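Hints are included, so try docking the two chains, each in its own frame, into the full complex.
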Amino acid sequence: MNPRPWWRKLGHGSLLVLATVYCLFPIYFMLVQSLKSAHEDVFGNPLIVTSPTFENFAELFEREGEVRGFVGRALRRSYPFLDWLENTIVVFTGSVAVTLVASILAAYAIGRLRPPGFRWWRRIIFATYVIPHTILFVPLYQVVIRLHLDDNLLALLLVYPTLALPFCVWVLSTHFQHFPREVEEAALIEGASRARAFWKIILPMSRPVIVASGIFTLGTIASDFMLASIFLLSGHNQTIPAGLATMEVALDELLAVAGINLMAIPVVIICAVFARGYVRGLTAAMVEGS
Amino acid sequence: MLEGAATAPSSGVGGTRTASPQTPLFSARSELSRRYRRRSRAREIVTAYALLTPTLLLLSLVLAYPLAWEVWISLTNFSPLNDGPTAFVGVANYRHLLSTEEFWRSATVTIVYAVVTSAAKLALGIGFALLLARPFRGRALVFLAIFLPWAYPASVSVIGWYWTLSPPIPTAYSVFMGTMKYAVDGAFGGGAWAFLSVILFNIWRGSSFIGVFLLAGINAIPPELFEEALLESKSRWQRFWLVTVPLLKPFIALAIFLSLTTAFADLANVWMLTAGRIVFPVVGTHAYWLAIKGGQYGPAAALSLMLVPVLLATLLVLFRIFDSPEATHA
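Protein chains in written order, with the numbering used here: chain A, 160 to 449; chain B, 609 to 938.
Excised from the complex, chain B in its bound form (with noise of 0.2 Å):
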């Protein structure tokens, strides 16, 4: 039984949760079993330290460290081209940046970037989830096919989807893809076709792991939620709205937070997909600009950093969301 909730968690899971602080064995209170276990305690607080180490290691040196420094760097005049001593600033560069016209135009792109990115991606996830939901034939071929787009390597298939979409003069689809592109750029501006390549790039992948996300959220709802709330909803799209979406709430909510950072932390796709051409900049790209190019690296650490109190305050939201239920029964 244990194995089974272990391998198929989908078929009636509820009866094995049953930790509980106070177990048989240690019901016996005398004066030194007390003291016994109040010894063995702390050995066990010891271990969870030790064992947390690797962890907390590798993160404080590779995140926390890094981005002590960047904040540090914000606040200074730092810069390669710099030939004096590195002056405090304050938040000078902060107060420059947002009065800076370049700065808006990256905010509010990263913004329509994610946003549009996150809701499309929602929605072909979900879709994808109930369509792999109840089974039928070949439902595995088309599971795989679904799962595809996120376990192709992105940092090469950006690569295929760059030449696919603007492809070298001689190739037999160039012309094709040329008068797409005209025909975009023609509509919206010059660059919409590159910015347009990165969004439906980010979208054709997020949409596979959000869907396979919130398959794995849909089997981890025991099927018997699901039935009694299918006999009080009348329509399929009141179903959906009433039943489906609140029951994957926390796994939506997760869904979302990590869409959203992949999108607001992007640099290296949009980068990849308009070959560096950058028209329409997003934070990620402008800070690449203001560092690499301009050797601005005190107004380039504080335009990065303005990322992290907007990522926080979504988790923060999120985590209301995602985590609740836990406080309940923990």
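Isolated chain A (complex conformation) (with noise of 0.2 Å):
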């Protein structure tokens, strides 16, 4: 192949450059809003700051109904924001591992066990995407209340996973479908057992495919606040997100920001990590199913 010409270089250099600004800029827009002071939020350059503080992530941790002062004649407070941090973990946590769990073990029996008609009963779990969460918050708060789960991390427990099951039963049966079944016989023949041989051979060697899904669980989830400000009412109840929307915004604006970031930030780092993982989780589903 010749060598590119010059012109077509620098056309491909400045694409790089825009689409990395394009992606980027939002985010580092509250990241610098975030490590603001008041002072500066009102006076500076709005892009750049210039003594950065991190009062507003302090303040996020104050005790609280602490009095924060007064704006105007509106009286601040302080949040209960640890409370939240710890809502949130534990509902993302428990729903990412609810979520793998249970689209393994259906994937499985589709991809591997295949009762009559597998394909249809992955079609049909693909095809609840087409009822969307947001129609359905009425009836399903019917549901949650029902189970005595209102204001209750378990009703989002048992709401999150469903937002990412099909996607992930998809991906990951077509991928334990295309499995060389030669490994998993040679095991059989071993003497192991069926459940062994899953533990032992398939499993490990899902491991992109399972990080693949796990990735989308995570973002899928932490893209909703409002089935978690439908179903979690009081304060201490809510997760970040939820908690973040109640916020007296117009008062609390680089608080806000700075709650944003913090909940973000460890998501991101944890998406980032396995960034790499999930392409190769994806394209490894997508070689053997397509």
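Don't take each hint at face value.
Once the Cα atoms are required to be at most 25 Å apart in a straight line, the calculated SDA-like pairs of lysine to any residue come out as [what the hints assert, rightly or not]:
1. A:K168 x B:R847
2. A:K168 x B:R844
3. B:K789 x A:V191
4. A:K168 x B:F834
5. A:K359 x B:V654
6. B:K901 x A:T405
7. A:K168 x B:G735
8. A:K168 x B:G746
9. A:K359 x B:S648
10. B:K789 x A:Y181
11. B:K901 x A:V297
12. A:K168 x B:R747
13. B:K789 x A:V201
14. B:K857 x B:V720
15. A:K168 x B:W849
16. B:K901 x A:G394
17. A:K359 x B:A658
18. A:K359 x B:T655
19. B:K901 x A:I304
20. B:K901 x A:S388
21. B:K857 x A:R282
22. B:K789 x A:Y187
Since the hints were made in silico from the structure, they are not lab data. What you are looking at is a predicted structure, and each value in this text was computed from that prediction instead of being measured.
Structure follows, in structure tokens:
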């Protein structure tokens, strides 16, 4: 192949810069805002922060109910941010775990054991995507109340997995379906049980696809604040997104932006660590599924 | 080699796909083994249903049952504001909705919103995927940048976007954003700026997902196929339409479907980015308005349910596209 001409290289380079700026600018802007003092927020250059401060972050962790002073005639109170943080961690890890376990089991059944009409099972499960949760929140709330789970984190552990299950079952089951049969059968001949062969051989070899499902689940459930704010009513029981949505943000803009970053940074780090595995897992499922 | 297939599938996986129903293990066909096989097959099927149970239980509790409830409500005049018993009214709610102007307005806005954002997301996503498809220095960093808008939790970034685009009065950028708002609202009518922010946010996040998703799709295409096709196509443009698009078709179809479902069902982001001051209602916000503010649960349920057939039809069309190769080698 000929070496590429300079203008084409330049074009490629500038496209890369453009794409990067487009993707990162909003994130950068939110980060800069959260590091500003109130003074700089009003008088400084909006695009940069000259004297970064962590006071907004520190303020989030102040004891709840503390009066933080007045803005005009409005009283500013602290929020139970530590509770929100704890709830968020519980809900997110729990939901990802439930989703992965349920979808791995179902995917193994569909892709490997292949009950009659297994392809239709997969289609039906995927087709539940056409029923958006946002249109169901009234009856969903009835279900939650009937199970006595209102204002309880368990409600989210019940609802969140179904946001990502259809996709995960689809990806994992196409992966299992085209998983080389001989590998598993070799283990069965050696006398291992199906469960053992699954645990010792299939599961470790499917790690990229499982990682991809997990990251997809995390990204999906982390984007919800509506279900969380509907099901979790009292301040102590809320997750960070639901809590931030209740803030008097006109008074607490900087505080809210700090909360946004505190929630986002761990999720982003987890996603970034597994980013490569995410693509690899999706690719693996696609090679086998297409 | 098998390890390679699981971790680096882009490098020649063609050879590992050898699943065949008749394996040497069962080739001895005595009556005894056949009976044994039938029994173990029956056990397999039972196990399969047992393993499917958690998923089906979750889906029926969280989706199927509420959906049935919603269907029933849409056929009644149920309302918390009603004193009398709930009466069955047939399709009156649907008929009434179709005659209201608000329904057609929200339907139009929803369709425009879904189509515009999906088209933009797809265009940007394909662009991102192609940018990242070939190796260059710093690719990992650019990849990470493109991955981040999706990885950054939308539940909180939507709040950040709102306060960036509609800032409170004292901030340093309020004047700039205010000017932008008046310019856009002046040109397209009040509420346009808020709705534009919904669209921009949706595109920003969705293009990231589709870009990464299609990158995975490109990696899944055997490189030989690409190279073969390269020799036969003349210009880059032609190559794009004759090679890249057809090879990526199933993945593009899946991406479009996921994008359409999120856009059609969007309620939370529209609500958040407009702070509830909705000038351009989508189906989701209109239904929410009917149910929560108006107590009209029946029409609200009917309105919400009208999304389902649209999405189902889309899915059936797309199933034909992205599921078709499976029939040939399953």
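Results of checking the hints against the structure:
This hinted pair checks out: K168 of chain A and R847 of chain B have alpha carbons roughly 19 Å apart, not beyond 25 Å. At most 25 Å may separate the alpha-carbon atoms for a hinted pair to count; K168 of chain A and R844 of chain B meet this at roughly 15 Å. A C-alpha spacing of about 22 Å is found between K789 of chain B and V191 of chain A, which places the hinted pair at or below 25 Å, so the restraint holds. Between K168 of chain A and F834 of chain B the CA atoms are separated by roughly 22 Å; this keeps the pair inside 25 Å, and the hint holds.
For the hint linking K359 of chain A to V654 of chain B, the alpha-carbon distance of about 22 Å falls within 25 Å, and the restraint holds. About 19 Å separates the Cα atoms of K901 of chain B and T405 of chain A, which keeps this hinted pair within 25 Å; it holds. Pair hint K168 of chain A plus G735 of chain B holds up; C-alpha atoms about 16 Å apart against a cutoff of 25 Å. Our distance criterion of 25 Å between C-alpha atoms is met by K168 of chain A and G746 of chain B, whose separation comes to about 14 Å.
Proximity of K359 of chain A to S648 of chain B is assessed by CA-CA distance (about 21 Å); at most 25 Å being required, the pair is judged to hold. Simply put, K789 of chain B and Y181 of chain A have alpha-carbon atoms about 20 Å apart, close enough for the 25 Å limit, and the pair holds. With a CA separation close to 13 Å, the supplied pair K901 of chain B and V297 of chain A stays within the 25 Å bound. For the suggested pair K168 of chain A and R747 of chain B, the alpha carbons sit about 14 Å apart, so the restraint of at most 25 Å is met.
Distance check on the hinted pair: K789 of chain B and V201 of chain A sit about 19 Å apart at the alpha-carbon level, within 25 Å; holds. A C-alpha spacing of about 23 Å is found between K857 of chain B and V720 of chain B, which places the hinted pair at or below 25 Å, so the restraint holds. Of the pairs offered as hints, the one joining K168 of chain A and W849 of chain B holds, with about 22 Å between alpha carbons and a cut-off of 25 Å not exceeded. Pair hint K901 of chain B plus G394 of chain A holds up; C-alpha atoms about 23 Å apart against a cutoff of 25 Å.
A hinted pair counts as satisfied when its Cα atoms are at most 25 Å apart, and K359 of chain A with A658 of chain B qualifies at roughly 21 Å. In summary, the hint linking K359 of chain A to T655 of chain B is supported, as the alpha carbons are separated by about 19 Å, within the 25 Å threshold. Taking the CA atoms of K901 of chain B and I304 of chain A, the gap is about 21 Å. The hint holds against a cut of 25 Å. With a C-alpha separation of about 17 Å, the suggested pairing of K901 of chain B with S388 of chain A holds against the 25 Å cut-off.
Our distance criterion of 25 Å between C-alpha atoms is met by K857 of chain B and R282 of chain A, whose separation comes to about 19 Å. For a cut-off of 25 Å, the pair hint linking K789 of chain B to Y187 of chain A stands: about 22 Å separates their Cα positions.
Hint check: no violations occur; every hint is consistent with the structure.
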